[in-house]
Amino acid sequence: DTGVSQDPRHKITKRGQNVTFRCDPISEHNRLYWYRQTLGQGPEFLTYFQNEAQLEKSRLLSDRFSAERPKGSFSTLEIQRTEQGDSAMYLCASSLTDTSQYFGPGTRLLVL
Amino acid sequence: GESVGLHLPTLSVQEGDNSIINCAYSNSASDYFIWYKQESGKGPQFIIDIRSNMDKRQGQRVTVLLNKTVKHLSLQIAATQPGDSAVYFCAETGANSKLTFGKGITLSVRP
Chain D
923 DTGVSQDPRH
933 KITKRGQNVT
943 FRCDPISEHN
953 RLYWYRQTLG
963 QGPEFLTYFQ
973 NEAQLEKSRL
983 LSDRFSAERP
993 KGSFSTLEIQ
1003 RTEQGDSAMY
1013 LCASSLTDTS
1023 QYFGPGTRLL
1033 VL
Chain Z
320 GESVGLHLPT
330 LSVQEGDNSI
340 INCAYSNSAS
350 DYFIWYKQES
360 GKGPQFIIDI
370 RSNMDKRQGQ
380 RVTVLLNKTV
390 KHLSLQIAAT
400 QPGDSAVYFC
410 AETGANSKLT
420 FGKGITLSVR
430 P
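So the sequence lines, in the order shown, correspond to chains D and Z. Letter by letter, the first sequence follows residues 923 to 1034 in the working numbering. Letter by letter, the second sequence follows residues 320 to 430 in the working numbering.
Simulated from the structure, these hints should not be mistaken for lab results. Check the hints yourself; a few may be wrong.
[Stated by the list, open to error] Straight-line C-alpha distance at most 30 Å; calculated DSSO-like pairs for lysine-lysine:
#, chain 1, residue 1, chain 2, residue 2
1, Z, 417, Z, 390
2, Z, 361, D, 933
3, D, 993, Z, 361
Taking the hints into account, I'd like the entire structure generated from these sequences.
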């Protein structure tokens, strides 16, 4: 499968714990995006990378959230001190510059 | 603020009929529009896109129409099938690349 992959697909954690999600984009896609989706809503932009550079961060991305793409390939999204309001689907997408974004299957996070 | 929205929350169609899903956008600076299909528990799946220098684009069984004058986007699905049942989102983007999504409309196909 050459699509965008995400790991894990599901994560249950207790409030206050840290979690980390991984995204592997489509090979050779230079852009990688993170979105968050809550039930019944469309995805909301969090941040994106062009190669290893993080070019934009949404105001939704509080200081508890950090994303990296150290080698310009896979990316990680870490949430520190999780809160119940962090429960959502975290989606990753990738693209070439100025072309369509293709999404992965998402990581569903539940914070108890 | 600027937003992308959908006129109807749900759409029910008979199998074999054509479906039309409408979307209004308000950001006049948007120059690229995409329709996504999302099935339960899955990520959004790219269906078709259109740039602002076009007013129509056709794919396999799908057509996207763009009316920049009234800031309206539509997705037409020909001969709707049960497998088309899903939530559909329109999304728009401009120079900054991030997608802004509407809330989604559920398409239900009756056998």
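Structure-based check of all given hints:
1. Z/417 / Z/390: Given pair residue 417 of chain Z, residue 390 of chain Z holds - Cα atoms ~19 Å apart, limit 30 Å.
2. Z/361 / D/933: This hinted pair holds, its Cα atoms lying about 15 Å apart.
3. D/993 / Z/361: The given pair, whose Cα atoms are some 27 Å apart, holds under the 30 Å limit.
Taken one by one, the earlier hints all hold for this structure without exception.
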